[in-house]
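From first to last, the protein sequence lines stand for chains A and B.
Residue numbering for the first sequence is 4 to 120, as defined by the working numbering.
Residue numbering for the second sequence is 2 to 111, as defined by the working numbering.
To be clear, the hints were calculated from the coordinates, so they are not data collected in a lab.
Careful, some of the hints might be misleading.
[Unchecked claim] Okay, derived cross-link-like pairs now, DSBU-like style, lysine-lysine, Cα gap no bigger than 35 Å in a straight line:
id, chain 1, residue 1, chain 2, residue 2
1, A, 81, A, 71
2, A, 71, B, 43
3, B, 43, B, 68
4, B, 110, A, 27
5, A, 71, A, 27
6, A, 81, B, 43
[As the list claims (entries may be wrong)] Chain A residues, not near chain B, derived (Cβ > 10 Å throughout):
id, residue
7, 5
8, 11
9, 17
10, 46
11, 58
12, 59
13, 71
14, 87
15, 90
Beta carbons: idealized from backbone N, C-alpha and C, even for Gly.
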Amino acid sequence: DAGVIQSPRHEVTEMGQEVTLRCKPISGHDYLFWYRQTMMRGLELLIYFNNNVPIDDSGMPEDRFSAKMPNASFSTLKIQPSEPRDSAVYFCASSLALGPQSYNEQFFGPGTRLTVL
Amino acid sequence: QKEVEQNSGPLSVPEGAIASLNCTYSDRGSQSFFWYRQYSGKSPELIMFIYSNGDKEDGRFTAQLNKASQYVSLLIRDSQPSDSATYLCAVKLEHNDMRFGAGTRLTVKP
Numbered sequence: 004d005a006g007v008i009q010s011p012r013h014e015v016t017e018m019g020q021e022v023t024l025r026c027k028p029i030s031g032h033d034y035l036f037w038y039r040q041t042m043m044r045g046l047e048l049l050i051y052f053n054n055n056v057p058i059d060d061s062g063m064p065e066d067r068f069s070a071k072m073p074n075a076s077f078s079t080l081k082i083q084p085s086e087p088r089d090s091a092v093y094f095c096a097s098s099l100a101l102g103p104q105s106y107n108e109q110f111f112g113p114g115t116r117l118t119v120l
Numbered sequence: 002q003k004e005v006e007q008n009s010g011p012l013s014v015p016e017g018a019i020a021s022l023n024c025t026y027s028d029r030g031s032q033s034f035f036w037y038r039q040y041s042g043k044s045p046e047l048i049m050f051i052y053s054n055g056d057k058e059d060g061r062f063t064a065q066l067n068k069a070s071q072y073v074s075l076l077i078r079d080s081q082p083s084d085s086a087t088y089l090c091a092v093k094l095e096h097n098d099m100r101f102g103a104g105t106r107l108t109v110k111p
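One chain only, chain B, in its complex shape (with noise of 0.2 Å):
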């Protein structure tokens, strides 16, 4: 079992619409949790972190987190066309290592 699992996608949403995107962690242990931002050709730029249980918003994101389901999501609403990109969830364990999932495609269409 990976550690990070992400449904790959590609997810296509309108623009203006609620996207969506999920992701489960084996490591019970694991105490934050983060939602990075790919660029097509560009590296990976966090959005969102959060470590305790419930919702964290943050303009149109909202990071929420389940440890007792080992879940966490993003929510993006009101998409636009400029929020078209891989989305990574990690997960940090001890001694700062960090865990990647494979990454959410996402594309917004106008």
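For reference, chain A alone in the conformation it holds in the complex (with noise of 0.2 Å):
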């Protein structure tokens, strides 16, 4: 399995530009997550959907940003318009639907850098 794939890799864009960031989950898996990690805050849960329907989106910072799961195997995260204050590396993540107790790893992509300027 390749595992969560992510792109692009790098974004540079000028604010006020709309950035899209795609993520593609492992095969099989019920959830996805979508982080994003800055030195200033740690790595911050922004939405998570469960068979493609978005279940606590609570971490969105704004209505600047949108997420989207057509379907199993591909999510959108959207940024417009993109300001410097969005400039980040935005992690998808995935995860089988297992119990409590269980050991329901989450799976990281290589994440997104993006720049602002």
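Dock chain to chain to rebuild the complex, using the hints, since each chain is given by itself in its own frame.
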């Protein structure tokens, strides 16, 4: 299995532009997570999906951020318009759906390093 | 109060020593606890998980959980330079939701 795939790996854009990050989870995984990591705030959960349905988007910073999962093998995170403070590494992760005391490891993609000038 | 708190470090230990990493969490209903390792410029990878009070050992790594104190720790015995990384404590909430600490940066000096 190729693992979680993210694209692009690096993105440099100017303030005000639209940015779209893409993720392909591991086949068969029921959950997909979007995280943002910065030095100041660490790893923050933005939103997660179960069977393509958004479960909790309370971590999405503001209306400029939106995420979709049109099918089990693809998700996007969009920022419109982008701002310099959005600069961070964005990780996508996926996991199986198991019980509360289970070893449901989250597998992380390589991340997208976003720089907004 | 943050849901998961860790000492940010950096923590520096000599090669061969024991490195001790600590984590506290706020949600008493949390049932599963994880330690992820993240090398610089890489994505986090799971190294240990624990859900019962007490110790769990895996090679040079030991995870310790005390639910009454809401405390999780990771011990790394015989630390190696290759263990130098940031260690993230994570707590699983309901619905597979995970909350991460800010991470502790560990440096093992040869």
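Tested hints:
For the hint linking residue 81 of chain A to residue 71 of chain A, the alpha-carbon distance of about 9 Å falls within 35 Å, and the restraint holds. For the suggested pair residue 71 of chain A and residue 43 of chain B, the alpha carbons sit about 25 Å apart, so the restraint of at most 35 Å is met. Simply put, residue 43 of chain B and residue 68 of chain B have alpha-carbon atoms about 31 Å apart, close enough for the 35 Å limit, and the pair holds. With a C-alpha separation of about 38 Å, the suggested pair residue 110 of chain B and residue 27 of chain A falls outside the 35 Å cut-off, and the hint is violated.
With a CA separation close to 12 Å, the supplied pair residue 71 of chain A and residue 27 of chain A stays within the 35 Å bound. A hinted pair counts as satisfied when its Cα atoms are at most 35 Å apart, and residue 81 of chain A with residue 43 of chain B qualifies at roughly 22 Å. Remark: the non-interface label on residue 5 of chain A is consistent with the geometry, its nearest Cβ contact in chain B lying 14 Å away (cut-off 10 Å). The Cβ of residue 11 of chain A lies farther than 10 Å from every Cβ of chain B, with a closest approach of about 15 Å, so its non-interface assignment holds.
The Cβ of residue 17 of chain A sits about 24 Å from the closest Cβ of chain B, beyond the 10 Å cut-off, so the non-interface label holds. A cut-off of 10 Å between C-beta atoms contradicts the statement that residue 46 of chain A is not in contact with chain B; the least separation is 4 Å. In this structure residue 58 of chain A is not separated from chain B by more than 10 Å, as the shortest Cβ-Cβ distance comes to only about 6 Å. Separation of residue 59 of chain A from chain B is inadequate, the least Cβ-Cβ distance of about 6 Å not exceeding the 10 Å criterion.
No Cβ of chain B approaches the Cβ of residue 71 of chain A within 10 Å, the least distance being about 19 Å, so the stated non-interface status holds. At roughly 21 Å, the least C-beta separation between residue 87 of chain A and chain B is larger than 10 Å, which holds for a residue marked as non-interface. Residue-level check passed: residue 90 of chain A sits 16 Å from the nearest beta carbon of chain B, beyond 10 Å.
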